[in-house]
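The listed protein sequences correspond, in order, to chains X and L.
Reminder that position 113 of the first sequence reads as 113 in our numbering, one-by-one numbering, no gaps.
Reminder that position 130 of the second sequence reads as 130 in our numbering, one-by-one numbering, no gaps.
Everything labelled a hint here was simulated from the structure, so no lab data went into it.
Since this is a predicted model, take the numbers as computed values, not measurements.
Heads up, a few of these hints could be off.
[Said to hold, decoys possible] Partial selection, computed: residues in chain L whose CB lies under 8 Å from chain X:
1. 36
2. 108
3. 110
All residues carry an ideal CB built from backbone N, CA and C; glycine is no exception.
This is what each chain is made of:
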Amino acid sequence: MPRDTRSRRSRGWGNAITGYFERHAQTLVSSLGRLLSMPLATFLTMAVIGAALAIPGCIYVLVQNARSVSVAYTDALDLSVYLKAGASESQAHALSHQIGLRTDVASVRVVSASEGLKQFREWSGMGVALDALKDNPLPHAIIVKPRASQADPSVMLDVMQRELMAMPGVDQVSMDAAWVHRFLALLDALSRTLRILAILLAVAVLVVVGNTIRLDIDVRRPEIEVTKLVGGSDAFVRRPFLYGGLWYGLGGGLIAYAVVSAFILGLSGPIDRVAAAYGSHFVLHNLQGGAVLTLLLGGALLGWLGAYLSATWQLAQIEPSSEK
Amino acid sequence: MIRFERVAKRYPNGREALVDLSLTVSAGEMVFLTGHSGAGKSTVLKLIALIDRATRGQVEVAGQSLAKLKRHQIPAYRQQIGIIFQDHKLLYDRPVWDNVALPLIISGVARKEMDKRVRSALDQVGLAGHEHNLPLELSTGEQQRVGIARAVVGKPPLLIADEPTGNLDPDLALDIMQLFKRFNAVGVTVVIASHDLHLIDQVGGRRIALASGRLAATDTTHTSPLSTPSIYAS
Ligand SMILES: Nc1ncnc2c1ncn2[C@@H]1O[C@H](COP(=O)(O)OP(=O)(O)OP(=O)(O)O)[C@@H](O)[C@H]1O
Ligand SMILES: [Mg+2]
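Chain X on its own, in the form it takes in the complex (with noise of 0.2 Å):
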């Protein structure tokens, strides 16, 4: 007899979460439907949010882009440390053996004052003009490489310049190329803008599909209210529109990755042929796996949160009152 009963309340719980997934899938499919019914509205209210959330897409994939084409020119990070004049060889080998320790440096390699010579010799191709000099005018150097670091490479360089130039015997520390470094400190103002930017168009995503909301929700005024009649409650009665909202942001959310995905075949034609000209080639990439699911996903979690927001404040207002 008790496991009778037992079995009976199982049952009646597994009814139960049936019935709560049924409902919400029931909710999901119609809202979907409902949205379908009004194509044009729908897919205007979509391409608005698409449109919002392409803008950051955007930019993220071209900042993307122009790291990983400025992690190819990482060489170019090398500082060349030059000696004093007069310093010997082996200062030069020792000081390059105690810059090698440091942990931000990944090699160091002495160039010696005539090897410096000769390398410029065959460089600058004018070797007769140097021959006719009597003393090496070059100081011993030292090449260094710094290490990859998670850190902002632009800090990084600076504070090992000013560093390495403190030493005793360094008379310059020479960037190569600054700019590179003016570039990566470019990017990285770029993506702090960026973050400021997705935060600005997160609420206008937000705004958008909580005024299509509060629209909807006036129209259907009159059935809210039946509902209510009837026993439902804020939470039933909000459920529909949460999942329209979450509809419209998904909707969006395909839509900024289709523009986005135009935007890289739009640009990647013209960025080859500036690559090819050159004598390089490149290739632009579109958003990966992990930013497609953020822009999709995060587009259906504002447009629910957007719809929550909206329909919480409005639905509390209907209520079947004949005092109004």
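Since the structure of chain X is already known, use the hints to place chain L with the ligands on it.
Coordinates of chain L with the ligands only, in the frame set by chain X:
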């Protein structure tokens, strides 16, 4: 089941719809609220359904003081009451089945059970086979019965109806009243506001006569010898 204790209702426009009204309806009773237009019949039902709240006095339904019910408790409370409106208040953009199923969807009844109960409710009001019709494809009387099916599908212990036969022809009106009588026969408490005394005479049941927001001192209308003689509320 229902107890009004010195209830007053004043609408925001200053109109005193109920003045010091006390009445009782016991569980299992079938009661008619009668009275002229503006007497306060609808107001009594609105207070029971918590569509409006009393200005003064106590309204108790099923042992629960309605003044103490918080906003978030209202939905669960309303699920215990079947409400029938004169203007049906159906959802016209969806078929009969969806309209009748609404209270079951709200209370989360599983689909199979829901189907069974909707069919049985439609069967009871004589609308079997109209599941897929839109309300506007039905006559006024049929729409009214959809409203009744929706009110009874959740098997509430209390049914309240405001002029449920308002604009129906007499035969149809009697049909609808007989329907209420049948629900009452299985234990449902029924409160109906109606000014159709002739019809009430035909159906039979206790009457509570209102006049200007009070119990009427005397029933101004004749009582058929067949109907229950108790005219006044206890
Ligand atoms: N929402 C409202 N705002 C202001 N006054 C109202 C409101 N509802 C009803 N009243 C007033 O309260 C009084 C009682 O109205 P109620 O609707 O209860 O009457 P009734 O007995 O149902 O009349 P009828 O038979 O015409 O339906 C009337 O004088 C009416 O004008
Ligand atoms: Mg009325």
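Subject >> Residue hint residue 36(L), partner chain X, criterion CB-CB below 8 Å >> reply: Since chain X brings no Cβ nearer than about 19 Å to residue 36(L), farther than 8 Å, the hint is violated.
Original post:
Can residue 108(L) be said to touch chain X, with a Cβ gap under 8 Å?
Top reply: Nearest chain X Cβ about 5 Å off; hint holds.
Original post:
When the nearest CB of chain X is found for residue 110(L), is that gap smaller than 8 Å?
Top reply: Because about 4 Å separates residue 110(L) from the closest Cβ in chain X, which is inside the 8 Å limit, the hint holds.
The earlier numbered hint that this structure contradicts is number 1, and it is the only one.
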